[in-house]
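There are 2 protein chains.
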Amino acid sequence: MFNVAIVGYGNLGRGVKSAIERNADMKLTAVFTRRPEAVKKDIKDVPIFPGVQSSLPKSLRIDVAILCGGSKEDTPVQGPQFIEKFNTVDSFDTHADIPRYFKKMDAIAKANGNVSVISAGWDPGIFSLERVLGDAFLPESKGYTFWGPGVSQGHSDAARKVKGVNDARQYTIPIESALKQVREGKIKDFTKREMHKRVVYIVAAKGADRERIRKEIVEMPNYYADYNTEVHFITAEEMKKSHAAYPHGGFVLTSGVTGKNHREILEYRCELKSNPEFTGSVLVACARAAYRLKKNGASGAFTMLDIPAALLSSHTSAELRKGFM
Amino acid sequence: MFNVAIVGYGNLGRGVKSAIERNADMKLTAVFTRRPEAVKKDIKDVPIFPGVQSSLPKSLRIDVAILCGGSKEDTPVQGPQFIEKFNTVDSFDTHADIPRYFKKMDAIAKANGNVSVISAGWDPGIFSLERVLGDAFLPESKGYTFWGPGVSQGHSDAARKVKGVNDARQYTIPIESALKQVREGKIKDFTKREMHKRVVYIVAAKGADRERIRKEIVEMPNYYADYNTEVHFITAEEMKKSHAAYPHGGFVLTSGVTGKNHREILEYRCELKSNPEFTGSVLVACARAAYRLKKNGASGAFTMLDIPAALLSSHTSAELRKGFM
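Note that the protein sequences, when read in sequence, are chains E and D. Add 34 to a position in the first sequence, counting from 1, and you land on the number used in my numbering. Add 34 to a position in the second sequence, counting from 1, and you land on the number used in my numbering.
Worth flagging that the hints you see were computed from the coordinates, not collected in a lab. Nothing here was measured: the structure is a model prediction, and the numbers come from that model.
Since the list gives no way to pick out one identical chain from another, each pair is judged satisfied if it fits inside one copy or across any two copies.
No farther apart than 27 Å at their CA atoms in a straight line, the calculated lysine-lysine pairs in the DSSO-like style are these:
#1 K138 - K356
#2 K106 - K137
#3 K356 - K176
#4 K106 - K356
#5 K144 - K329
#6 K294 - K275
#7 K137 - K329
#8 K195 - K249
#9 K294 - K61
#10 K78 - K294
#11 K274 - K294
#12 K356 - K222
Excised from the complex, chain E in its bound form:
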């Protein structure tokens, strides 16, 4: 049995809490949050702290702290703070900054004899793993990642910033015909537009100019301009009723050749009804691995690429060889 702390109690933090409850070998022993009073209403039986700098009770044992804040503002600050005291797991997902963040966490983790698993979850995380496995098993192959159908928080937020928008929800949709071509063994460099489309549901302010809103969204650089985007205006009631969940998912495909000309296709797919709960579930499996790595004498930063599957599992290696091989 090992002890877990949750750092940041939003959607992902709640997902981690619920995942801990499904795993008999771990226990929630602390929550860190900027709004302790609000969280205390939700969580009665676990001590709640405003930050790692506060004086923590001597009796408090935390084996792994799972960082559940945002990758932009929170994790780059909280990671270096928490790894000084505890093993950590985070889902840092700013892909381009992963090498730099890894380096930083690796140094502090090593200096403090702790283990940090960074950028865990499904992408980065499981999808990274599948991209690497595909490339290892099929050298010179081509890998494709499709996302969705699912809600993208970043794109929803971007649409929400348009003037006259009260609420927005963006669904990323993989384009079936592109998926089909990859599955059929066609090798192609797709444009962004050929791989995904975007569907946005908007609750507009009363009297707002809908055509202007639509235009501003579909022409927004980086987020929308490179895709075909549909904008639908709905009521606040409809938003609450039909778009409250956070489904997501996606596909990692690897298409390669063996021998003279034998096409081999590997495909990983996940279909998630709750993105934050599933991500939470992956993070707690990584917390188990972090706890074991530390116990085995390791320190430093790790990604899911550095962790053998057996370390993520609640079963012993002997059980896995008997039941899962």
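Once you have looked at the hints, place chain D on chain E.
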């Protein structure tokens, strides 16, 4: 650059040879075979030996020996022989015997300071990995493995033993409606018959009683009796023309719940035009891992569950963090 030996030069051995040629960091330096004269016609530039007991030249360097014989007769004998002298990789696939074989190889490998990766390939191997990952990420989930469409060597051999059968090829076909139910989140204990059917192509001896052959095949215990089996009689020419390849593949599905009642589905699929070539490609990636594990000071037996993805890859960890996360 590390040096690889192939032990056993049948379909899988040829697949391994072709995979080595696609990986710039490894080189074939020896072949062990019971029929050296025949193999010498195929391979001119690599020394060929009848067995590991023969006196090997002092200059011969072998970092990893890949065992490509059969799991029933060859690997249980060759594994313990080769692991005394070299690191090894094998595709031992008698699932029920894996724990015992692991134990044996682990002891000899440790005694000799070598690394043995056992039961590598796609099943056991990648599929084992995906079963364990699915269970780790979704505790209390249910896993399903479907095989095919593809040629099963064991079932083809069994049909070939029926009196009056000159040649046989058996295709294992996953049943679409069962796959569909799992994908839709239905949890069910399928019978064997509900998950797979078997289609057999037979070249019968002249004058043989086809109805008796059909009956003997479809009623054969273990191999066919538990499945719906179709038997088709074809000519030797048709067999050669349409059934010379070894396609295979399959699906690993994990269906679980997070939170209160959110169904999460993970699916891994491979579609292989050449089973032995793809298996060979997986084995050489595992040979890379064996070589690195040994270099890092490890010894003993490993399965793919014990090997981090980064060790299988031809890229450095820094390259992987930059390009694949």
